[in-house]
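Undergrad: From just these sequences and the hints, can you work out the full model?
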Amino acid sequence: IKNLARHYRRSPDQLSEQEIRQFFIHLSQERSLADSTIRVYVFAIKFLYQKTLNREWPVLNLIRVKRSKKLPVVLSRQEVRHLLSRVRRPAARVSLTMMYACGLRASEATHLQAFDIDSQRMVVRVRHGKGGKDRYVALPQAVLEQLRAYWREYRPTTWLFPSKRGLTPIDVGSVRRCLKAALHQSDIKKNVSCHSLRHSYATHLLEQGLDLRVIQALLGHQSIKTTFIYLHLTQSTIQAVHRTVDDLMADL
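Using full-length UniProt numbering, you'd call the opening residue of the sequence shown number 1 and step up by one each time.
Please note: incorrect hints may appear among the correct ones.
Below are the DSS-like pairs computed for lysine-lysine, each with C-alpha atoms no more than 30 angstroms apart in a straight line [to be verified]: (1) K164 - K180; (2) K70 - K189; (3) K189 - K133; (4) K180 - K70; (5) K70 - K130; (6) K133 - K164; (7) K225 - K2; (8) K130 - K225; (9) K190 - K180; (10) K164 - K130; (11) K46 - K70; (12) K225 - K190; (13) K130 - K190.
Everything labelled a hint here was simulated from the structure, so no lab data went into it.
TA: What follows is the structure in structure tokens.
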């Protein structure tokens with residue numbers, strides 16, 4: 001709001017609808033601000049004029065800033081192993097392993113309890129996932145062995161990955177910091193987050209030939225459209241594009 005007043009050198013309550021429209025054109029075309037930054041301006045200015053000044057100008061409802069759709073960061077299987085091996089805190093390391101090996105969101109992995117691990121059926125029950133829905137995901141044998149070794153050494157009670165005091169689950173922020181520390185110690189230059197492990201899980205399953213509908217269920221996606229993004233990320237898709245482009249451009 002301060003920038004709006006500074007731009008016109010007048011109080012915002014003295015501005016016209018046309019001036020508001022021109023201000024957003026200025027932000028986008030002249031200052032070339034990022035969409036995320038312009039979105040902050042939109043929310044603030046709409047609140048001022050609609051809620052505070054009670055002005056229902058059509059332009060306020062016409063302004064739309066599209067969210068940029070970036071492809072997620074995906075690690076190779078070698079990079080995943082390399083990265084996880086450098087996470088020092090055991091609770092963080094095993095919870096990050098669960099994010100990759102079971103495709104869990106960070107909050108889903110950190111809130112696991114011992115009874116969520118079904119070693120007979122080799123599944124993990126994910127309780128209260130996104131949208132409040134439960135689901136089951138496959139538990140790899142190698143990960144079960146890691147969980148057993150972790151259990152034997154630390155004997156967690158309520159939460160599988162407790163905080164240092166043990167009364168609450170490990171904080172997601174703490175896990176992120178452990179991941180970032182491991183990333184700095186590695187030679188991986190990608191912008192990796194906890195969610196990158198989940199993206200890598202889905203991409204690697206697709207590369208192994210697993211049906212997209214099955215991956216949708218494992219990830220807990222409500223719409224198959226959300227899962228379609230992984231088609232762009234598989235190595236087989238990238239290689240197929242390379243072959244086609246190489247053939248097409250061979251005579252250049």
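Undergrad: Would you mind marking each hint as holding or not holding in the structure?
TA: Outcome of the hint check:
Using a Cα cut-off of 30 angstroms, the hinted pair K164 and K180 holds, with the two alpha carbons roughly 19 angstroms apart. Distance check on the hinted pair: K70 and K189 sit about 17 angstroms apart at the alpha-carbon level, within 30 angstroms; holds. Restraint check: the Cα-Cα separation between K189 and K133 comes to about 35 angstroms, which exceeds 30 angstroms; the hinted pair is violated. Taking the CA atoms of K180 and K70, the gap is about 21 angstroms. The hint holds against a cut of 30 angstroms.
Distance restraint check for K70 and K130: the Cα-Cα separation of roughly 21 angstroms lies within the 30 angstroms cut-off, and the hinted pair is therefore satisfied. Distance restraint check for K133 and K164: the Cα-Cα separation of roughly 29 angstroms lies within the 30 angstroms cut-off, and the hinted pair is therefore satisfied. The hinted pair formed by K225 and K2 fails the criterion: a straight-line CA distance of about 40 angstroms is larger than 30 angstroms. Between the alpha carbons of K130 and K225 the distance comes to roughly 16 angstroms, so the proposed pair stays at or under 30 angstroms and holds.
Distance check on the hinted pair: K190 and K180 sit about 11 angstroms apart at the alpha-carbon level, within 30 angstroms; holds. Note on K164 and K130: the hinted pairing holds, with a Cα-Cα distance of about 26 angstroms set against a maximum of 30 angstroms. Taken as a hint, the K46 and K70 pair is honoured in the structure, with Cα atoms around 27 angstroms apart against an allowance of 30 angstroms. Using a Cα cut-off of 30 angstroms, the hinted pair K225 and K190 holds, with the two alpha carbons roughly 25 angstroms apart.
Between K130 and K190 the CA atoms are separated by roughly 26 angstroms; this keeps the pair inside 30 angstroms, and the hint holds.
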